[in-house]
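These protein sequence lines map, in sequence, to chains A and B. Position 221 of the first sequence, counted from 1, bears residue number 221 in our numbering, the numbering being contiguous throughout. Position 142 of the second sequence, counted from 1, bears residue number 142 in our numbering, the numbering being contiguous throughout.
Treat the hints as calculated values from the structure; they're not laboratory data. Check each hint, because a few of them may be wrong.
[As the list claims (entries may be wrong)] Listed next, the in silico DSBU-like pairs over lysine-lysine satisfying Cα-Cα at most 30 Å (straight line):
#, chain 1, residue 1, chain 2, residue 2
1, A, Lys372, B, Lys11
2, B, Lys139, B, Lys150
3, B, Lys11, B, Lys138
4, A, Lys377, A, Lys143
5, A, Lys343, B, Lys11
6, B, Lys18, A, Lys384
7, A, Lys210, B, Lys18
8, B, Lys157, A, Lys372
9, A, Lys392, A, Lys325
10, A, Lys13, B, Lys157
11, B, Lys55, A, Lys372
12, A, Lys377, B, Lys150
13, A, Lys384, B, Lys157
14, B, Lys141, B, Lys11
15, A, Lys212, B, Lys18
16, B, Lys149, A, Lys377
17, B, Lys157, A, Lys143
18, A, Lys19, B, Lys157
19, A, Lys143, A, Lys194
20, A, Lys56, A, Lys68
21, A, Lys377, B, Lys157
[Stated by the list, open to error] Negatives, chain A to chain B, calculated, CB over 10 Å:
#, residue
22, Ala6
23, Asp11
24, Ser53
25, Tyr77
26, His85
27, Arg290
28, Met329
29, Met340
30, Glu342
Just so it is clear, CB atoms sit at the ideal spot from N, CA and C, and this is done for glycine as well.
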Amino acid sequence: MRNPLADKIVDIKPSGIRKFFDIVNEMEDAISLGVGEPDFDTPWHIRDEGIYSLEKGRTFYTSNAGLKELRKEISNYVERTQGVHYDEMHEILVTVGGSEAIDLALRAMINPGEEVLIPQPSYVSYEPCAVLADAVPVIIELKEENEFRLTAQELRDAITDKTKILILPFPNNPTGAIMEKKDLEEIAEIIREKDIFVITDEIYAELSYKEKHVSIISLPGMRERTVYINGFSKAYAMTGWRLGYACAPAQIMEQMVKIHQFAIMCAPTTSQYAAVEALRNGDEDVAQMREAYNQRRRFLMHAFQEMGLRCFEPYGAFYVFPCIKEFGMTSDEFATRLLMEEKVAVVPGTAFGDCGEGFLRISYAYSLDNLKIAMEKISHFVEKLRREAKAKSSC
Amino acid sequence: MREQILAIIEKNSRINIKELAVILGAEEIDVANELKAMEEEGIICGYHTMIDWEKTSIEKVTALIEVRITPQRGKGYDNIAERIYKYPDVNSVYLISGGYDLLVTVDGKTLKSVSSFVNEKLATIEGVLSTATHFILKKYKDHGTILTKKYEDTREKVTP
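Okay, chain B solo, but in the shape it has when bound:
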């Protein structure tokens, strides 16, 4: 049941327990218990909303930053990653295989504020060798959802 619950709430976290139980053919109490257990185990980490900020009047820029760092003896990458993710400006931090080490996403109000965060905060952390900042210009698809086009039912209205 876990897998099914996760598949559903990953797409629609607003669905209520009663509805979940109905479409899964399960008891409400079992669904509620499963959800609670998964929250406690840290499998479910939050219920966020996907927002296309582009369509609002709120100014917002997001940057993807490639960060190369020197791993520390005994600690690897974790200490530096922690120093980075503690900044509230930082939205996500991933350890990456390949040409660089950490992929950091940073949200800010303006290009300037993000660049100054990178230059003044991120790049100056001890152990950070280099950064490369990419600003996101347009989001076409996010979390499996296409943002640029709306679903349209083009079927005939009645067919045998």
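Chain A extracted, bound-state conformation:
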């Protein structure tokens, strides 16, 4: 029999989280801090609207781009948060999660061999999606000393004459890093000068704990060269509804809609009705969840400080990214031992790129009580490791 598989796909290595996930799932009583989704239920009024749409028999396809009233609400949201206008008829597309939008944007813009800049550590799908789109992924390794922000110098060093797109994943999963306006301004200048495009993944935009989140689309000359991606999963605790969206200039959007139309048809109708309610009446819920996350974030920062574990202060998403280099272990070894010996699951930083080595992603999408127990266990483990190291060095 001939080989039924495509080499391009076979060559993509499976997500690094997978392997670890299998071990965690074997352990019944493990406390997990490994989840990349909110612990809150979707606010009831939003769920209710989904249920109501089913009761009314709204069970048909929507237009390819999504419900018009939802696109209108998205347009309003982007305008009121970033002061940037997108035309709901030609520049907004409702997708199956932010992930689909990432895939579409890359496929709509890449010609074989063109380079896509991917800052890492970052979400697991950018690199494989770039490969699927026949791009050459070029990794920019972000540094702890810059609080895992992308600096102008790092960007400049990575650009070649083949560079087409920069992916901008902030607020960042897994580091919790943000890019503030001044950081973005430096980046934008180079983007304009070198005539490249940006895919900005702002799925965690509402979970920013410093100033209000600023998008690169709000900077001069950036709207026309950027695909803006956001969604409902993180802000409204709607991961399972699978609903995101993209805003882009009509020229790019037209091609994205084409792929979406043939590959997906339209995003789930029930989810779209629920999302209209989320954007119309969900601000208060978002504010409450943001406050709860922020309290947990402060709690974790304090806990690490007390353990003497180095951790830069992250101001976005719901992750902290402490450094474990002092123990002379790989992230994988540390996470595996922590799981085996203390039954706490965290994700090794290397799951998000090689430069995540020496770090752990710890999610605070858990109740404070839960985090408290987990931090006691991690503290216990860290002390044990330090005792071991001391004993070793003294003999």
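Put chain B on the given structure of chain A with help from the hints.
Relative to the frame of chain A, chain B by itself:
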């Protein structure tokens, strides 16, 4: 900061000052002062525990009683409300808009003891026109907490 403190301790009055300070990103001394001020101003009136008595072996019944009264000249409803709330059996008294005037909750050991309190004490107070007693059969949710179901984390254990 007040609003934030209240939102937290309304759900968890056991949280200590140090922890409060950490999660609010504030100084302990400021949190302590704020708590003290709010106690003095009567904003914080107590630190109670929510108990689902159903799950204990202790017998307890609670009744909601609608009370219609005649307001008194110059005093309104306050005097009669005071006469009612002085009874230790009475757990709460609210002045209500609508079909009746006071909503009174009464705790007792048995149905009989509560009914006799209503008949002998409450209904006989001068100015009380009528009472209607509703016994609580089951509490599903109280103080924003669902009592009939436990939270269960149904998420996958590790996701990117």
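Results of checking the hints against the structure:
Using a Cα cut-off of 30 Å, the hinted pair Lys372 of chain A and Lys11 of chain B holds, with the two alpha carbons roughly 17 Å apart. Proximity of Lys139 of chain B to Lys150 of chain B is assessed by CA-CA distance (about 14 Å); at most 30 Å being required, the pair is judged to hold. About 22 Å separates the Cα atoms of Lys11 of chain B and Lys138 of chain B, which keeps this hinted pair within 30 Å; it holds. This hinted pair checks out: Lys377 of chain A and Lys143 of chain A have alpha carbons roughly 28 Å apart, not beyond 30 Å.
Distance check on the hinted pair: Lys343 of chain A and Lys11 of chain B sit about 29 Å apart at the alpha-carbon level, within 30 Å; holds. As the CA atoms of Lys18 of chain B and Lys384 of chain A are separated by approximately 26 Å, the hinted pair is consistent with the 30 Å bound. Proposed proximity of Lys210 of chain A and Lys18 of chain B is supported: the alpha carbons are some 23 Å apart, at most 30 Å. Proposed proximity of Lys157 of chain B and Lys372 of chain A is supported: the alpha carbons are some 18 Å apart, at most 30 Å.
Only pairs whose Cα atoms come within 30 Å are accepted, and Lys392 of chain A paired with Lys325 of chain A is accepted, the gap being roughly 17 Å. Straight-line distance between C-alpha atoms of Lys13 of chain A and Lys157 of chain B comes to about 21 Å, which keeps the hinted pair within the 30 Å bound. Restraint check: the Cα-Cα separation between Lys55 of chain B and Lys372 of chain A comes to about 27 Å, which is no more than 30 Å; the hinted pair holds. A distance of roughly 24 Å separates the Cα atoms of Lys377 of chain A and Lys150 of chain B; the hinted pair therefore holds under the 30 Å criterion.
Proximity of Lys384 of chain A to Lys157 of chain B is assessed by CA-CA distance (about 26 Å); at most 30 Å being required, the pair is judged to hold. Distance restraint check for Lys141 of chain B and Lys11 of chain B: the Cα-Cα separation of roughly 14 Å lies within the 30 Å cut-off, and the hinted pair is therefore satisfied. Simply put, Lys212 of chain A and Lys18 of chain B have alpha-carbon atoms about 28 Å apart, close enough for the 30 Å limit, and the pair holds. For the proposed pair Lys149 of chain B and Lys377 of chain A, the alpha carbon gap of about 28 Å is at most 30 Å, so the pair holds.
Of the supplied pair hints, the one linking Lys157 of chain B and Lys143 of chain A holds, its CA atoms being roughly 28 Å apart against a limit of 30 Å. The straight-line distance between the Cα atoms of Lys19 of chain A and Lys157 of chain B is roughly 13 Å, inside the 30 Å bound, and the hint therefore holds. Simply put, Lys143 of chain A and Lys194 of chain A have alpha-carbon atoms about 23 Å apart, close enough for the 30 Å limit, and the pair holds. For the hint pairing Lys56 of chain A with Lys68 of chain A, the CA-to-CA distance comes to about 18 Å; that is within 30 Å, so the pair holds.
Between Lys377 of chain A and Lys157 of chain B the alpha-carbon distance is near 18 Å, which keeps this suggested pair within the 30 Å criterion. A cut-off of 10 Å between C-beta atoms confirms that Ala6 of chain A is not in contact with chain B; the least separation is 23 Å. Chain B leaves Asp11 of chain A outside its interface by the beta-carbon criterion, the shortest separation being 20 Å against a cut-off of 10 Å. With a least beta-carbon separation of about 23 Å from chain B, Ser53 of chain A lies farther than 10 Å from that chain, consistent with its non-interface assignment.
At roughly 25 Å from the closest C-beta of chain B, the C-beta of Tyr77 of chain A stays outside 10 Å, upholding its exclusion from the interface. At roughly 33 Å from the closest C-beta of chain B, the C-beta of His85 of chain A stays outside 10 Å, upholding its exclusion from the interface. The claim that Arg290 of chain A is not at the interface with chain B holds, since no C-beta of that chain comes within 10 Å of its own (minimum 12 Å). Look at Met329 of chain A: its CB is around 19 Å from the nearest CB on chain B, clear of 10 Å, so calling it non-interface holds up.
Every beta carbon of chain B lies more than 10 Å from that of Met340 of chain A, the smallest distance being close to 15 Å; the non-interface claim holds. Under the 10 Å C-beta cut-off, the non-interface status given to Glu342 of chain A relative to chain B holds; the minimum distance is some 15 Å.
The structure agrees with every numbered hint stated previously.
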